[in-house]
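Protein chains: 2
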Amino acid sequence: MFVRLWMTTELITIGPEQSVVEAQHCMQDNRIRRIPVVDAEGSLVGIVSQRDILNFLPSILDGSSSGASSLAGSTKVGDIMACTPMCVNPLTPLETVAQLMRQHKIGGMPVVDDNGILVGIITESDIFSAFMEVLGAGGDGARIEMIIGKESRALYTVMDIFKRYDIFVQAITVHHDFGENKRLLTIRVRGEELDGMIDALRRSGAQINRIQIGTEPL
Amino acid sequence: MFVRLWMTTELITIGPEQSVVEAQHCMQDNRIRRIPVVDAEGSLVGIVSQRDILNFLPSILDGSSSGASSLAGSTKVGDIMACTPMCVNPLTPLETVAQLMRQHKIGGMPVVDDNGILVGIITESDIFSAFMEVLGAGGDGARIEMIIGKESRALYTVMDIFKRYDIFVQAITVHHDFGENKRLLTIRVRGEELDGMIDALRRSGAQINRIQIGTEPL
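Chains as they are written, first to last, in UniProt numbering: chain Z, 1 to 218; chain L, 1 to 218.
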């Protein structure tokens with residue numbers, strides 16, 4: 001799971017010489033909240049957000065609002081953008097991006113290659129999509145939550161049963177902080193012999209928390 | 001992975017009879033962007049967001065700002081709150097919550113029990129935490145990304161090797177849309193014989209994309 005797989009590559013960008021008003025219209029027209037700023041060579045030079053524009057405008061509104069809009073028309077994106085935005089690489093792990101976004105309270109980051117060329121943008125929304133995928137959201141088959149031990153073999157016992165019943169694992173995640181010596185295993189599986197597999201799981205001592213068949217209960 | 005494990009239970013709430021100004025101060029003091037509104041019995045009756053307050057104020061600012069603040073002081077939360085907020089249950093799967101938040105462009109949802117009593121709140125930030133956990137962010141050991149086939153046995157081949165080398169699986173996720181007949185398996189593992197295990201993986205034909213030891217490269 002890394003950035004390249006989830007980033008948006010259909011990029012909307014703006015030049016540092018364009019006006020703040022143009023940036024504002026561009027955000028409204030495209031329903032986006034941030035625009036990477038690139039120079040003529042496609043190198044990232046900054047990022048301008050809805051918040052940057054809002055932060056810029058109020059100080060101007062102290063006075064007449066017509067003065068504000070004329071200043072917004074003449075002020076350049078380069079003057080109000082964040083010049084050294086936090087960037088990631090196409091191969092940055094997704095958990096690192098999630099961590100950075102949370103830590104710095106930012107909703108999206110430009111993705112640049114080793115030469116500083118802008119190649120994409122990754123947002124909270126992309127990270128949500130990735131998370132839904134690894135949790136198997138909307139998939140068919142059975143969603144099973146079960147509690148297993150913290151010893152390494154607990155997971156192998158489950159996998160051996162899946163293998164025996166020729167189960168296809170669509171999604172699998174482990175949550176470790178579930179309780180003392182307990183892990184929560186969430187899987188979405190498909191197979192001809194789901195009932196037999198579930199019986200075998202129960203016989204093995206796995207504590208099945210919940211089973212949902214199909215997408216209905218989601 | 002379900003809501004109860006990740007929701008915030010230290011709740012900040014407000015009553016419908018309290019003023020908009022009180023709600024605004026409460027958000028500022030606690031650095032939050034939404035407050036569930038509960039009645040005297042603790043039942044959820046609505047939610048009020050920073051946006052609701054902002055949407056309320058500007059219409060008032062047409063005129064004198066002192067009129068606006070006096071009206072904000074006398075207007076009750078119950079008059080501007082969203083009365084039928086989207087809610088989830090403590091046992092709702094996290095992928096469903098992520099899906100709802102994305103679909104309806106909301107940043108957080110109240111969590112209510114079967115009696116309509118507010119028991120928590122779950123936000124984008126909580127979902128990010130959960131995602132980081134299942135991806136093994138910040139864990140030690142080795143983070144390995146490898147490409148495996150789409151046939152069900154491909155995963156079992158890998159698990160059998162882990163089992164043989166007594167590897168502890170800290171995190172495991174599968175990404176399916178990686179390419180034709182390819183899945184991307186991301187794991188974080190610990191063990192005494194990581195080198196032997198990696199050699200065995202390579203001999204088995206698994207295509208290892210990237211290995212990171214420890215947390216450094218994150």
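The hints are simulated quantities; they were obtained by calculation from the structure and are not laboratory data.
Keep in mind the model is a prediction, meaning the values are calculated, not measured.
Some clues are possibly wrong.
A pair counts as met if it fits within one copy or between any two copies, since identical chains are not told apart.
Each computed DSSO-like pair below joins lysine-lysine, with the alpha-carbon atoms no more than 27 Å apart [to be verified]:
(1) K105 to K150
(2) K182 to K105
(3) K182 to K76
(4) K163 to K182
(5) K163 to K150
(6) K105 to K163
(7) K150 to K76
Numbers of the earlier hints that this structure fails to satisfy, in rising order: 1, 2, 3, 6, 7
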